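Enquirer: Chain by chain, the residues run as shown.
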Amino acid sequence: MRLRMPFRRGKTEFPSHLWTQCPNCGEMLFNKQLVRNLSVCTKCEHHFKLGARERIALIVDSDSFTERDATLVSGDPLGFTDSKAYPARIIESQTKTGERDAVITGDASLGGVPITLAVMNFAFMGGSMGGVVGEKITRAAEHALSARRPLIIVSASGGARMQEGTIALMQLAKTVAALTRLGDAGLLFLSVLTDPTTGGVLASFASLGDIILAEPGALIGFSGARVTSETIGEKLPMGFQRAEFLLERGFVDQVVPRAQLRDRLAFFVAACRLPVAELRWGL
Amino acid sequence: MQAVTSDGGVIIDPAALSERRGSPWDAVRLARDQRRPHSIELIGSVFDRFQELHGDRGYRDDPAVVCGIGELEGRAVVIVAQQKGASTDENIERNFGMSYPEGYRKAIRMYRLAERFRLPLITLIDTPGAYPGPEAEERGQGEAIAKSIQVMSVLRTPIIAVVIGEGGSGGALALGVGDVVLMLENAVYSVITPEGCAAILFRSAAEAERAAMAMRPSAPDLLALGIVDGLVPEPAGGAHTDHIVMSASLKRALVAQVERLDRVPLADLLSARYDRFRAMGVWVDPGAGALAERSRPWWRRMLNRARL
Ligand SMILES: [Zn+2]
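Those protein sequences? They're chains C and R, same order as listed.
Heads up: the first sequence begins at 384 in our numbering, then just goes up one per residue.
Heads up: the second sequence begins at 119 in our numbering, then just goes up one per residue.
Isolated chain C (complex conformation) (with noise of 0.2 Å):
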């Protein structure tokens, strides 16, 4: 097993236009044929990290998908610099992605159920949630709320963002509550855990689930592997807070693999719905 940290990973997944080796068992992939594949490899089905429009297309009814709150970006409330400052740094990961921040959210419809969605984006500054990604899944969780529908969060982020300070930390208080007024209105919350789900969103929304399914092989953990290597000295055994080391330990309820993640989505949303008359009648 490899140590590294997760938010330095991807950038080697993806080294020609043409071909990828796959980290796992180091097969070469034909671009093509690993995206037909969902970005699984055909030999031993690594699952590849997932850019989030490439995940809304296979989760969601095709062209249900709206998108809310797309225009909002972050402010830099410390003027944090480290290497470089915290607004260049936003820019490029603008500029890499495509996006404005680290999540996507909007609705649309699974199965012909209208749900809520938020995807995160651990290309944009490793998924980090500042003040835009708490706002944009608390804004979330407040429209399914008003909306009475199903939520569904995909995480993959390596935690809050620490160019935010303690205004990122506020973030996991600031989306808890959100989504515990949805559940407190009997209302279904789903997470699905990506590579890597950690840190600050394990801690807060991630962990919360009325029903919790994580990717297979995918890096699940509070503190980061190679913190958690160096506390006790020693190497980590195989495995460790990987998805199925999870589902062993009773953290996460299904290990999907992400051909079936759509399928067992709709199960799940058709499965919680509210009774009719509770729809009709608020109660």
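No wet-lab data here; the hints were simulated from the structure.
Computed from a predicted structure; not experimentally measured.
Where is the CB? At the ideal position from N, CA and C, for every residue including glycine.
A couple of the hints might just be wrong.
[To be verified] What follows is a set of in silico ranges between Cβ atoms, one per label pair, in the way DEER data are often shown:
{"hint": "1", "chain 1": "R", "residue 1": "T206", "chain 2": "C", "residue 2": "I615", "range": "38 to 46 Å"}
{"hint": "2", "chain 1": "C", "residue 1": "R609", "chain 2": "R", "residue 2": "R175", "range": "32 to 40 Å"}
{"hint": "3", "chain 1": "C", "residue 1": "H400", "chain 2": "R", "residue 2": "E211", "range": "55 to 63 Å"}
{"hint": "4", "chain 1": "R", "residue 1": "P404", "chain 2": "C", "residue 2": "I615", "range": "24 to 32 Å"}
Guided by the hints, dock chain R with the ligand onto chain C, whose structure is given.
Expert: Showing chain R with the ligand alone in chain C's frame:
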């Protein structure tokens, strides 16, 4: 709900502090000073007849979290606190204030107890962060913190959270979802330790000082940013110079806040708590202006343009 007032000597105006501030790194070092009064000592001098309660009823009793019931000027309250040690031995026993999932699950038990008997909940935060070891991961550190935040966010009783030393990341926020969030004047509260931030963004843990400057975790900065509602004054020179004065200052602040929150109807309390955290975060929405423009009737837009 009535805003936090300066009752009980709490400082609510960041400008009042500007003259006595050190650098953010000084703040971090002061907040971690082993001579500072820690939770058990503060509990002993602030509350009467404190009875500690143990265990999460699932796995074990986590010594990094100290909880129980005590009296604050005759009023029964539930106390949940993180405990660091005053010596190396005590720190090893208390795991340096870093709790395992069972510590947060014990805290959740106490939150529910406070709710059932409508006892005010007082939390004392002092941790570098949740313990990052493999057993903590195995037992669901992320889930335990998330659940703790969730239970607090809708808990039907007043909550006062106080950062007394180091408030480190999600492990601190798990005790930090309060109606009122206070900090001792020299405490810090951050999304990650300066060392952790430095290792990731500055590529070297030795750059912790620069990371602390950039993250602005000190109490006056967080008061100015609206993350915390007020600061509890420390004796000149810092809390470690006079534990008795420090405890008296904290007690005065807590008594005033409990009295104030006791007068707020529960429904108002809960909606104000939601709004408090709902308002946090900074973003710009250039599209919102354009949308508002589009939603105005065409003739009004024409009129405006004509006026220009
Ligand atoms: Zn492969």
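Enquirer: If a hint holds in the structure, say so; if it does not, say that too.
Expert: Status of the hints after comparison with the structure:
1. R:T206 / C:I615: 38 to 46 Å: At 19 Å between Cβs, range violated.
2. C:R609 / R:R175: 32 to 40 Å: The hinted range 32 to 40 Å holds for R609 (chain C) and R175 (chain R), with Cβ atoms some 33 Å apart.
3. C:H400 / R:E211: 55 to 63 Å: holds, 58 Å
4. R:P404 / C:I615: 24 to 32 Å: Since P404 (chain R) and I615 (chain C) have Cβ atoms about 48 Å apart, the given range 24 to 32 Å is violated.
Of the numbered hints listed earlier, those contradicted by the structure are 1 and 4.
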